[in-house]
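Number of protein chains: 2
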Amino acid sequence: MDFASELQVLVARAEGGIDRLLPAASEPSARLHAAMRYSMQAGGKRLRPVLVLAASGLFGDRRADPLAAAVAVECVHTYSLVHDDLPCMDDDDLRRGRPTAHRAFDEATALLAGDALLTRAFAILAESYGADPGLAAALVRELADAAGSRRLIAGQMEDLLAEGRGGADPQALRFIHENKTAAMVEASLVMGGLCGGAPAGAAAGLRDAGRQLGLAFQIIDDLLDATSDTATLGKTAGKDARAGKATVVSVHGIDAARAMARELSQGAVSSLKGLPGDTGFLCSLAQSLLSRTH
Amino acid sequence: MDFASELQVLVARAEGGIDRLLPAASEPSARLHAAMRYSMQAGGKRLRPVLVLAASGLFGDRRADPLAAAVAVECVHTYSLVHDDLPCMDDDDLRRGRPTAHRAFDEATALLAGDALLTRAFAILAESYGADPGLAAALVRELADAAGSRRLIAGQMEDLLAEGRGGADPQALRFIHENKTAAMVEASLVMGGLCGGAPAGAAAGLRDAGRQLGLAFQIIDDLLDATSDTATLGKTAGKDARAGKATVVSVHGIDAARAMARELSQGAVSSLKGLPGDTGFLCSLAQSLLSRTH
Chain A
478 MDFASELQVL VARAEGGIDR LLPAASEPSA RLHAAMRYSM QAGGKRLRPV LVLAASGLFG
538 DRRADPLAAA VAVECVHTYS LVHDDLPCMD DDDLRRGRPT AHRAFDEATA LLAGDALLTR
598 AFAILAESYG ADPGLAAALV RELADAAGSR RLIAGQMEDL LAEGRGGADP QALRFIHENK
658 TAAMVEASLV MGGLCGGAPA GAAAGLRDAG RQLGLAFQII DDLLDATSDT ATLGKTAGKD
718 ARAGKATVVS VHGIDAARAM ARELSQGAVS SLKGLPGDTG FLCSLAQSLL SRTH
Chain B
478 MDFASELQVL VARAEGGIDR LLPAASEPSA RLHAAMRYSM QAGGKRLRPV LVLAASGLFG
538 DRRADPLAAA VAVECVHTYS LVHDDLPCMD DDDLRRGRPT AHRAFDEATA LLAGDALLTR
598 AFAILAESYG ADPGLAAALV RELADAAGSR RLIAGQMEDL LAEGRGGADP QALRFIHENK
658 TAAMVEASLV MGGLCGGAPA GAAAGLRDAG RQLGLAFQII DDLLDATSDT ATLGKTAGKD
718 ARAGKATVVS VHGIDAARAM ARELSQGAVS SLKGLPGDTG FLCSLAQSLL SRTH
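In the order they appear, the protein sequences are chains A and B. All the letters of the first sequence, read from the start, carry residue numbers 478 to 771 under this note's numbering. All the letters of the second sequence, read from the start, carry residue numbers 478 to 771 under this note's numbering.
For the record, the hints were derived by calculation from the structure and aren't laboratory data. Each residue gets a CB set at the ideal place from its N, CA and C atoms; glycine is no exception. Treat the hints with care, as some may be off.
[As the list claims (entries may be wrong)] Sample of chain B residues facing chain A (criterion: CB under 10 Å; computed from the structure):
1. L563
2. A581
3. E584
4. R597
5. E619
6. S626
7. G711
8. G715
9. L766
10. L767
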C-alpha cells in the first residue's frame, strides 16, 4: 500500500474509533454531547491518532489494540484547541474550516465540552484497557504528564505570557514549542509503543522522534500562518503577526525556519530508522509534514 | 477522639497531601503553578477528601494509602469550581472568602489552572498507585466517570440551561443535583472503599450513602444561599434568586427543602450503618452537614 492510501486507512480507523468511543449526542446532556462531537468530528489531519496507530504497528500491535489510545490522544488535542480558541485565549472564530465551538454553540458550552473531552480521554483509557491494568495505568500516566501543567499547559501559559510581553527569546520559544506542541506528539508515539508491546529500549527512540517531529510540525505551522491564507488553512491566517506573537518565523526569519524544520524532520527520520519493524510509513509521514499546505 | 478532632486530623492530612502532590510554584510555568496552588489552598471544607480518607479507614486502609486519591478528588472538585466561577459561567468574584482565580490572576490563567488541576488528578492516581495498577485503573475509571460528560459536567450544563429557561421542574432539578453534586460525593466514598480494599459488596452501600449525602449537601447549599449572607458563606449569597436559578428552595420552598435534607441525611446514615467497620465518624459527618453555616 502506498503512503497516501495507508494514511487514509489509519485516518478512517481513528475516525471510526472517535464515533464509537464518544457518548451519543442523544444522551443527556444532549447539548454537551453534541458540542463534544461537533469539535471531534470537525476533521483535521488526525496526526496524533495516526502516530499512535502507526507506532503500535511497528511492534505488531502485540499487547493491545491501540485504537482507544489513539482516540484518547485526539480527545486531549481537541479539548486543547477548543479552550485555546475561547475569547479569553486566542479568541478565534474558525477552526478546521468551521466555526469554533464557542461560535457554533456558546462560550459556556465550549468550556464544558473541552472539560468533558479531557475527562473522557482518561475514562476511555481506563475502560478500554481494563483487562490489562498495567497498560491502562502506563497510558494514563503518559497522557496526563504530556497534557499536564509541566508540559502542554505550561507551553500554552508561557505562549500567552510571551504574547503579553510582545515576544520571546529563542530559548523561551523553544520551551513553548517543546511543551505546547512536541509533548503530545511524543506521547502519541510512546503510547503507540506501549500498546504495541515495545521493548523498554524503544521508548527513548520513539520519544526523540516525537520531539523532533513535534518541533518541525510547529515550525511549519508558523510558516503557514505567515505565508498562507485563511481559505487554504481552514483557520485564520496571519494572526501570529497581528498578535505580535513570537514564532520561529518572527525570531529566526523564513529561510532559517525552513532549514530548521528540514533538519528536525531529518532528525526524526533518523530516530525512527533506529526502531524495529517497518518504519517506512512513519518516515514518509515525517517527510510529508514538511510540504503540507494546511 | 471526638468528631471535631477527628475531622481536623483528616483535613490536615488532606492539606498535607495537597501541598506534597501539586507541582511547586517555582516550577515552570510558575504563574500556572501559582494559580493551581492558590485555588487548591483556598481552604474550603475539604468534604470530598475527608470522605475518601474516612471511607478507606472503614476497611483499615488495607489495600493502599488513600491520601493520593483524596487529593485527586479535591483537584477535580477545585477545577470544577474555578471553571464554574468564570465570567462565561457563574461570573463570580468570591470563593472560600477570597477573590476567585480569574479575579486574583486573569481569565486565561484561571481557565488553564482549572485544566491543569483536572489533568493533575489523573497523573496523581497513575503515579501514586503505580505499584498496584489494578487499583490505579479502577480509581481513574471511577473518577473519570463521576467527573465526566454523563455526570458532573452534564449536571453543570443542564444547570446553565435551566437558568436560561428561568427554572427547572423537580425532575430536571434532581438530574442536576444527582450529577452536579452527588456524583463526586459518591465517587469519594467509592474511591475510599477501593483504597481500603472493600469487598465488592460494599460498593453499593458506599455509592448509595454518597448519593444521599451529596443531595442533602446540595439542598443545604441552596438553603444557605437563600438564607445566609456573603460574609458567613465566604461566597456570594443570594445569587440563586438573583439569577432566577431553580433550586430546591425555589421549587419546593424552605420548609420542604429542610425536611428533604433531613430525610436524605438519615438515608445516608442508614446506608453507612450497613457497612463494616466503625462508621461513627461518617455518620456524625452526615449529621453535621445538616447544621453547617457555610
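To see whether the hints hold, each was checked on the structure:
1. Because the closest C-beta pair between L563/B and chain A is about 7 Å apart, less than 10 Å, the hint holds.
2. Evaluation of the A581/B hint against chain A yields a violated restraint, the C-beta minimum of about 15 Å exceeding 10 Å.
3. The beta carbon of E584/B comes within 4 Å of a beta carbon in chain A, closer than 10 Å, and the hint placing it at the interface holds.
4. For R597/B, the suggested interface contact is upheld, since its CB lies about 6 Å from the closest CB of chain A, less than 10 Å.
5. The closest approach between the C-beta of E619/B and any C-beta of chain A is roughly 9 Å, which is under the 10 Å cut-off, so the hint is satisfied.
6. Interface hint status for S626/B: upheld, as the beta-carbon distance to the closest one in chain A is roughly 4 Å, under 10 Å.
7. Evaluation of the G711/B hint against chain A yields a violated restraint, the C-beta minimum of about 24 Å exceeding 10 Å.
8. Among the interface hints, the one on G715/B is violated; its C-beta lies about 22 Å from the nearest C-beta in chain A, farther than the 10 Å criterion.
9. About 26 Å separates the beta-carbon of L766/B from the nearest beta-carbon of chain A, more than 10 Å, and the hint is not met.
10. The beta carbon of L767/B comes no nearer than 30 Å to any beta carbon in chain A, farther than 10 Å, and the hint placing it at the interface is violated.
Consistency note: the structure conflicts with the earlier hints numbered 2, 7, 8, 9 and 10.
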